[in-house]
Amino acid sequence: MRIIQLIISFLLMISIQSSIAVETMTKKEFLDLAYKGQLSEVVIKTLWLNEKQQTIIERILGHRYPKLRLRYWYHSEHSQSVWFLDEIGKERPISFAVSIINSRVDLIKVLAFRESRGGEIQMSAFSEQFNNIGIDAESKLDQHIDGITGATMSVTAMKKITRLALVLHDEVTN
Amino acid sequence: MSPAQVKVQRKITRKMFFRKWHRRIGFAASLFLLILASTGILLNHYESLALHQHYIQSTWILDWYGVKQPQKIHCIKSSSTICQVGSHLYSATQQTKLQLLSSDATALRMVINSPSETYIVTDTRVDIYNPDFQLIESLDRRDELNRALINGILSENDHSKAALNQVVEPVNSQLKQVLSDQYRRQQITYLKFIQDLHSGQLFNLPGKLFTDLLGITLLILAISGFITWQRRKKLSSD
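As they're listed, the protein sequences go chains A and B. Under this note's numbering, the first sequence has 56 at position 56, and the numbering climbs by one with no breaks. Residues are numbered in this note's numbering as their position in the second sequence, beginning at 1, plus a constant of 1000.
Only chain A is shown next, with the shape it has when bound in the complex (with noise of 0.2 Å):
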């Protein structure tokens, strides 16, 4: 029984460090995946970050976001907006996507992981669990999230982002 558990440890490990290699998606394809071929009635809208959002950000990331204007993709049927946002995971910028439908994640993809540890946020089993989750009044995730051995701040980099992508949402649909 011993045997057969580390024999089923040992592929998971394996399974693991495949997932890790994962090529990462580009924007047209996160798109293609988050409207299922509905791209046609999508807007491309731009957002301009005043002082206000600026401060809610702060208050996310713990600093300002560093451009001025934001552009998303809109869908107002579905109340579905998409948002591509970086953060920085230790050192690097990770380039995230998020799809958001009625203030609840539908979708979240790493679509670049520039860092050399932490990739484990790519796999899908870490980033299902942020599927259907909210904020709350304080801005912060409804949902617990669990977090990957070596992995902490990449993990941190992510539930930020995705705080900030519904943040955005809610600024932008009321």
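No lab work stands behind these hints: they were computed from the structure. Fair warning: there could be bad hints in the mix.
Below, in silico cross-link-like pairs of lysine-lysine (DSSO-like), each with a Cα-Cα straight-line distance of 27 Å or less [claimed, not checked]:
(1) K1097/B to K67/A
(2) K1208/B to K90/A
(3) K159/A to K36/A
(4) K67/A to K1011/B
(5) K1208/B to K1072/B
(6) K1011/B to K1234/B
(7) K1192/B to K90/A
(8) K140/A to K159/A
Starting from the structure of chain A, add chain B where the hints point.
Quick look at chain B alone, frame taken from chain A:
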């Protein structure tokens, strides 16, 4: 002296030998241990201290690291002067007042000024700035989603892709010197310096070997200290 007395004498000599060398080695290692402990604490809290975001300014440390003056400096002068030194892009006003715009830029190709925005075009990006050089947006030229937008920017401002090579030499040697110094002073972070000091890497192989020796010394001190303590404990219980 009887054999028993000789045995006792040897025991005492051995004990004194241990204690003497434990003190000597401990004293010699203490200075380096102070450095090791201090740098270790700093490394543990480098984020809150923002050590990775601040740079060494000291010329002699930069010289020690072998940080040389940059080989090439390119500037484009239109209504503003944008200069590239390595992967750093600067806006230069009043000849010597510099603002770092980007530290991961690829080759600078063009600067386009419109009434409300400045577009800085590199091989991989179009960065859009307001008149105060605050970054509005950054468009990846390799991203097909941005293609139409970037083509629009270029065509609106009467610039075609073929014209993307508008680079001139720096306007004067004073600006060149300021750019050079500024670039040098943004190469080595405090984090890297403290990491190198902690590991001994700062002094290359001899430094690393010395740090290894210090580590072995700590092991010897721990073992000899334990042995000394054990013996004293045994004596007091006897």
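(message) Can you confirm whether the C-alpha distance between K159/A and K36/A stays at or below 27 Å?
(response) Distance ~25 Å between K159/A and K36/A Cα, so the pair holds.
(message) With the threshold set at 27 Å, check whether the alpha-carbon distance from K140/A to K159/A stays at or below it.
(response) holds, 9 Å
(message) For K1208/B and K90/A, compute the direct alpha-carbon distance and say whether it is at most 27 Å.
(response) Roughly 25 Å separates the two Cα atoms, so the pair holds.
(request) Take a quick look at whether K1011/B and K1234/B sit within 27 Å of each other, Cα to Cα. (result) It holds: about 14 Å lies between the C-alpha atoms, which stays within 27 Å.
(message) K1208/B and K1072/B were given as a pair; does the straight-line alpha-carbon distance stay at or below 27 Å?
(response) violated, 34 Å
(message) Would the hint linking K1192/B and K90/A be met if the CA-CA limit is 27 Å?
(response) Holds, at roughly 14 Å.
(message) K1097/B and K67/A were given as a pair; does the straight-line alpha-carbon distance stay at or below 27 Å?
(response) holds, 22 Å
(request) Would you check the hint for K67/A and K1011/B, treating anything up to 27 Å between C-alpha atoms as holding? (result) It is violated: about 74 Å lies between the C-alpha atoms, which goes past 27 Å.
Hints 4 and 5 from the list above are not met by this structure, while the remaining hints are.
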